[in-house]
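Asks: Read off the chains here:
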Amino acid sequence: MTGQMNTSNSNIYLPRETEITAIRQETSDIKTFVLKFKDAAYGDAFTYRPGQFVEFSVFGEGEATFCISNSPTRKTIECSAKKMGMVTQAMHELNVGDTVGLRGPYGNGFPVEDLKGKHLLFVSGGIGLAPLRSLINYCLDNRDDYLDITIVNGARTSKDLVYRDEYKVWEKAPGTKVHLTVDCREEDWVCMVGVVPKALEEIKPTCNGSVAIVCGPPIMIRFTIPVLEKMGFCPESIITTLEMKMKCGLGKCGRCNIGNHYICKDGPVFNYAKLKELHYEL
Amino acid sequence: MIEEIRQKAKELLAASKVDMVIGYRRSGDGVSTVPAFIDSAQDVDSLVWDQNCVYNLANYLREFPGKKIGVVAKGCDARAIVVLLQENQLERENLFIIGVECGVTDISEKCAACPRTVSAICDILIKEKGRKSGAPGNEKDAYAAVEALEARRAEERLGLWREEFSRCIRCYACRQVCPMCYCPKCVADQTMPAWFSKATSLEGNFAWNVTRAFHLAGRCVDCGECERACPVGIPLRDLNKKLEKEAKELYKYEAGSSVEAKPLFASYDKDDPKDFIK
Amino acid sequence: MKKTVKKEALIALIENLMKDHEVVSPVETAGKGVFYRKIDKAKDVYLGPAFAVEPVKKFFLHPSEWICGCNKEEGTASPCPVPADDKKRVIFGVRPCEARGLVLLDKIFAPDDPAGYQDTSYIDNRSRSVIVGLACSVPDRTCFCVSLDGSPVETRGMDAVLFDMGDNFIVEILTEKGKSILGSLPGTIDAGSEKALEAAKEKTKKLVVKTVKAPDSLDASFKSDYWKKVSLSCLSCGVCTYLCPTCHCFDLVEEERKKLRCYDGCAFPDFTLETSGENPRPTKKERYRQRVFHKFDYFKKNFGENLCVGCGRCIRFCPVKIDISEVAAGAPIK
Amino acid sequence: MSALGTDSMKDDKKMAADGGFEPNIVGFLCNWCSYAGADLAGTSRMQYPPNVKIIRVPCSGRVNPLFILKCLMDGADGVLISGCHIGDCHYSEGNYYARRRFAVLKNFLEYIGIDPRRFQMSWVSAAEGDKWAKVVKEVVEDIRNAGPNTISAEKK
Chain Y
766 MTGQMNTSNS NIYLPRETEI TAIRQETSDI KTFVLKFKDA AYGDAFTYRP GQFVEFSVFG
826 EGEATFCISN SPTRKTIECS AKKMGMVTQA MHELNVGDTV GLRGPYGNGF PVEDLKGKHL
886 LFVSGGIGLA PLRSLINYCL DNRDDYLDIT IVNGARTSKD LVYRDEYKVW EKAPGTKVHL
946 TVDCREEDWV CMVGVVPKAL EEIKPTCNGS VAIVCGPPIM IRFTIPVLEK MGFCPESIIT
1006 TLEMKMKCGL GKCGRCNIGN HYICKDGPVF NYAKLKELHY EL
Chain Z
406 MIEEIRQKAK ELLAASKVDM VIGYRRSGDG VSTVPAFIDS AQDVDSLVWD QNCVYNLANY
466 LREFPGKKIG VVAKGCDARA IVVLLQENQL ERENLFIIGV ECGVTDISEK CAACPRTVSA
526 ICDILIKEKG RKSGAPGNEK DAYAAVEALE ARRAEERLGL WREEFSRCIR CYACRQVCPM
586 CYCPKCVADQ TMPAWFSKAT SLEGNFAWNV TRAFHLAGRC VDCGECERAC PVGIPLRDLN
646 KKLEKEAKEL YKYEAGSSVE AKPLFASYDK DDPKDFIK
Chain E
27 MKKTVKKEAL IALIENLMKD HEVVSPVETA GKGVFYRKID KAKDVYLGPA FAVEPVKKFF
87 LHPSEWICGC NKEEGTASPC PVPADDKKRV IFGVRPCEAR GLVLLDKIFA PDDPAGYQDT
147 SYIDNRSRSV IVGLACSVPD RTCFCVSLDG SPVETRGMDA VLFDMGDNFI VEILTEKGKS
207 ILGSLPGTID AGSEKALEAA KEKTKKLVVK TVKAPDSLDA SFKSDYWKKV SLSCLSCGVC
267 TYLCPTCHCF DLVEEERKKL RCYDGCAFPD FTLETSGENP RPTKKERYRQ RVFHKFDYFK
327 KNFGENLCVG CGRCIRFCPV KIDISEVAAG APIK
Chain C
4 MSALGTDSMK DDKKMAADGG FEPNIVGFLC NWCSYAGADL AGTSRMQYPP NVKIIRVPCS
64 GRVNPLFILK CLMDGADGVL ISGCHIGDCH YSEGNYYARR RFAVLKNFLE YIGIDPRRFQ
124 MSWVSAAEGD KWAKVVKEVV EDIRNAGPNT ISAEKK
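Residue numbers (this note's numbering), protein chains in the order written: chain Y, 766 to 1047; chain Z, 406 to 683; chain E, 27 to 360; chain C, 4 to 159.
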């Protein structure tokens, strides 16, 4: 597995000290943290795949799981966190220069090799764009390997859209389309209105030679997958990245399994055919 | 006696007066019993009643909101139901309480010295024929263990509880088996703030066991399930009984005796003890 | 290598071992049962027929242990490893099912796959310990090891094993580690004792009366209402998981800037409850099914074995006497 | 904050400069009476020992028994709850409930081997600055005599 940094004689639960070099406020309750390992040599050797995640620790509070939200081609580690529980609330109190802990990367990540030579349809809702952003930027940085890229991104309101500065950059990239949608009509909103599955039905992306990569809140995934299937996407070409409560990230603590697969170790990226086999209920 | 229980259960289910009857059935080992959840009149014959019917079935009643439930209730179980009704956790009209009288030492060791063998609340009371009715346990003996402990030196008591709590593995069986432990988020599971250590250290275990007991002050009906469930044998009832004794001595309050009574700590009296206050 | 040893000689050996080893053994605690303890008097060692309440697992995966420390020097608080306890340890009286449990836990915490995550704290504890087993002589009626490819007299996971022959023990040394501890015991074994041992073993195996036919796969029963039915009486406590020799799920908690690993179990609703309020295992049905599937399906898919050794603890100690063997065997897989 | 929050309290030197034991006491004071009473003691320049760390609460009835337990587990040598006199409660009856609850708690703590002197209660009105000073003196003396809290002394 690429990017597995733990050797057999190091403590696998021990976080590495990391400095926050920048914090971006994405929405009222989502912040993106830009991180740098204090041990430069370790940082240089740290590699990961789009879709992999890390255990982020706020010392004295605990750990929480976040995907790395930017591409390994971009050289900085970024994590985006919505203010929700104990750890994320503490994260939102952090400042640039503060030290936090990081261990990882964990999980399988997106099958970037298998996606080569395919049209890619990215479907995301809310902060579900975070793992996809990593892959989108990765694909754009390796543009020749992939065919058309269509991005369908939704949020409750325009204020809840994350990584706003990047939409324009993506749009300008060759062979790349970006569709934005919000749940309800808003003043001054020029893009689409309606939930993500509805927007998809309007956009009618091609399914031939395409792979759909879906991430968002469970309810969005639940309604998006049938739409994709109806459009002709086969279960193998619908990829999603799952979120479940995780603690260890190592396939040991036992809570994040679906069937005999641990999301942290064997996932978080699964195709829909596999999920069906594992009795995963949308 | 069992025939009467089955008959009543059958009648209730057949007439759709209840959706389910919770009682006891024989377990696979052929000796002990397990809780039975019967939802069809045909299945009532699997119900049993004997000295192995230890479980406090009141613990399950909150799991079926909106359903009409018939429940087989011993004296202690019925008192637990009373407390749950007092605390608005159950709807009386959704319950059909099949009270069963149990002998004093019949059920298990947890029942020694139990003075209340008859349901405090029930819709029908099924008595055992030919037995002297409701021979009460000796109430004096009920606090023998507590009094013995009270008589010891403070350091000895602390040492004893430390020793007992040191075995605690925090499996929370005591909490889960207790009909009164129904907090949606137990303090032991809270993280913001985390009230006490999750570690099975002296502090963590001491805090957990003391908190559990005190939260049952004036609510524990002494069904003894916590102590029975504890895999490491912590004498939890000695904690509960002390609180029961205090409630009785200070406020003449007995948990589970009346649905109408205000809970111990939700009421007060102008003449409550005050000597300990400066 | 086997030898017949007088019980007093064994106690004398333990006495001697205690000088430079940590010695752990079952100890009888009046009225509370038998518990593994680090002993300070050789005579406290209990090698009788009663089973310890908690399995030996807790010496490798403790109910709660500091897994990462905190270096508070210079006003900072950097995470640091917790120094490993490297004192040599001998654990006496480990039952065959518990020792086999360790072999199964090894697959998780010390995977054969070199690329797998190696749990150093577990591995350190494993390598500093010598397991001196004690073959069962009086199985409990809840024991069902024989049905699960085990035996009350087997030796997997042990370095040496003791067989109680009445007046004497027969000691069988199985590994070099075992030899280093028990090799110095005087004695040999004669053909008669050897024969008596084999007879005793066969007799004990027959005493394990509970038989279970665990299905090869539970997959077909996943969506069945059966799981709702069998989980109705479950109280959602941690007894079965905490006392299981093979259950290993844990929680990581930060306390005092240190990281605590403590037992957690699939029966607790909070185990999988997400911050958002979503819970992928919202009811007892999903939670109890998870436990049975983990033992008799998922682990088998991943490692080719059941994650259950048939020790019977979860049946003995379940406050409402749920019998996992009955539940697994009765699952509707057709 | 860690689960045990008041880490520092445990590390605090329990011995004063002269080698005598200086107890660490947590005081839960009701906003309307006792807190004002303590304030009055301060503004009146009354002398009393500084050992009580005050936490202001709306009412003595607000004090959860868990607060007391947590203080004692985290290393406080004693806890003092102070509220309005009976009949003077800003919320009419909060202190009645507190009285009931804590009478039982005090006896219970004693039962499990915790020195009853470690948990004390008083009624101090806004006008009783002198009483507050007196109560604190007594409580500190009591707890000084009880000695350092060793309930959580054996750390893991």
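Rather than coming from a laboratory, the hints here were simulated on the basis of the structure. Virtual Cβ for every residue (Gly too), placed ideally from N, Cα, C. Take the hints with a grain of salt, since some may be wrong.
[As the list claims (entries may be wrong)] Covered stretches of chain Z, as calculated for chain C (at least 3 residues, CB under 8 angstroms):
#1 591-602
#2 639-653
[What the hints assert, rightly or not] Far from chain C by the CB rule (all over 12 angstroms, computed), these chain Z residues:
#3 Ser437
#4 Glu608
#5 Tyr658
#6 Ser672
[Said to hold, decoys possible] Just the calculated beta-carbon pair ranges, DEER-fashion:
#7 C:Ile58 with Y:Cys956: 49 to 57 angstroms
#8 Y:Val958 with E:Asp138: 50 to 58 angstroms
#9 Z:Ser437 with E:Asp193: 34 to 42 angstroms
#10 E:Asp193 with Y:Glu1042: 25 to 33 angstroms
#11 Z:Ser451 with E:Pro75: 28 to 36 angstroms
#12 C:Asp133 with Z:Arg567: 35 to 43 angstroms
#13 E:Thr309 with Y:Lys924: 50 to 58 angstroms
#14 Y:Leu1047 with Z:Met597: 41 to 49 angstroms
#15 E:Asp138 with Z:Arg567: 53 to 61 angstroms
Asks: Taking the hints in turn, state whether each one holds.
Replies: So, going through the hints one by one against the coordinates:
1. Counting residues of the region 591-602 of chain Z whose CB lies closer than 8 angstroms to any CB of chain C gives 6, which reaches the minimum of 3, so the coverage claim holds.
2. Remark: the region 639-653 of chain Z is confirmed as covered by chain C, as 5 of its residues place a Cβ nearer than 8 angstroms to a Cβ of that chain, reaching the required three.
3. Every CB of chain C is more than 12 angstroms from the CB of Ser437 of chain Z (nearest about 33 angstroms), matching its label as outside the interface.
4. Its beta-carbon lying about 4 angstroms from the closest one in chain C, Glu608 of chain Z breaks the requirement of being farther than 12 angstroms from that chain.
5. Listed as a non-interface residue, Tyr658 of chain Z fails to keep its Cβ farther than 12 angstroms from every Cβ of chain C; the least gap is roughly 10 angstroms.
6. With a least beta-carbon separation of about 8 angstroms from chain C, Ser672 of chain Z fails to lie farther than 12 angstroms from that chain, contradicting its non-interface assignment.
7. One distance hint, 49 to 57 angstroms for the beta-carbon pair Ile58 of chain C and Cys956 of chain Y, holds here, with the actual separation near 52 angstroms.
8. A C-beta distance of roughly 55 angstroms is found between Val958 of chain Y and Asp138 of chain E, which places it inside the suggested range of 50 to 58 angstroms.
9. The hinted range of 34 to 42 angstroms is satisfied by Ser437 of chain Z and Asp193 of chain E, whose Cβ atoms lie roughly 36 angstroms apart.
10. Separated by about 59 angstroms at the C-beta atoms, Asp193 of chain E and Glu1042 of chain Y break the suggested range of 25 to 33 angstroms.
11. Distance hint for Ser451 of chain Z and Pro75 of chain E: a CB-CB separation of about 34 angstroms, consistent with the stated range 28 to 36 angstroms.
12. The given range of 35 to 43 angstroms is respected by Asp133 of chain C and Arg567 of chain Z, whose C-beta atoms sit roughly 41 angstroms from each other.
13. Judged by the Cβ atoms, the range 50 to 58 angstroms given for Thr309 of chain E and Lys924 of chain Y is violated: they are separated by roughly 36 angstroms.
14. The hint said 41 to 49 angstroms for the Cβ distance between Leu1047 of chain Y and Met597 of chain Z, and at roughly 30 angstroms that hint is violated.
15. At roughly 43 angstroms, the beta-carbon separation of Asp138 of chain E and Arg567 of chain Z lies outside the given 53 to 61 angstroms, and the hint is violated.
The structure shown violates the earlier hints numbered 4, 5, 6, 10, 13, 14, 15.
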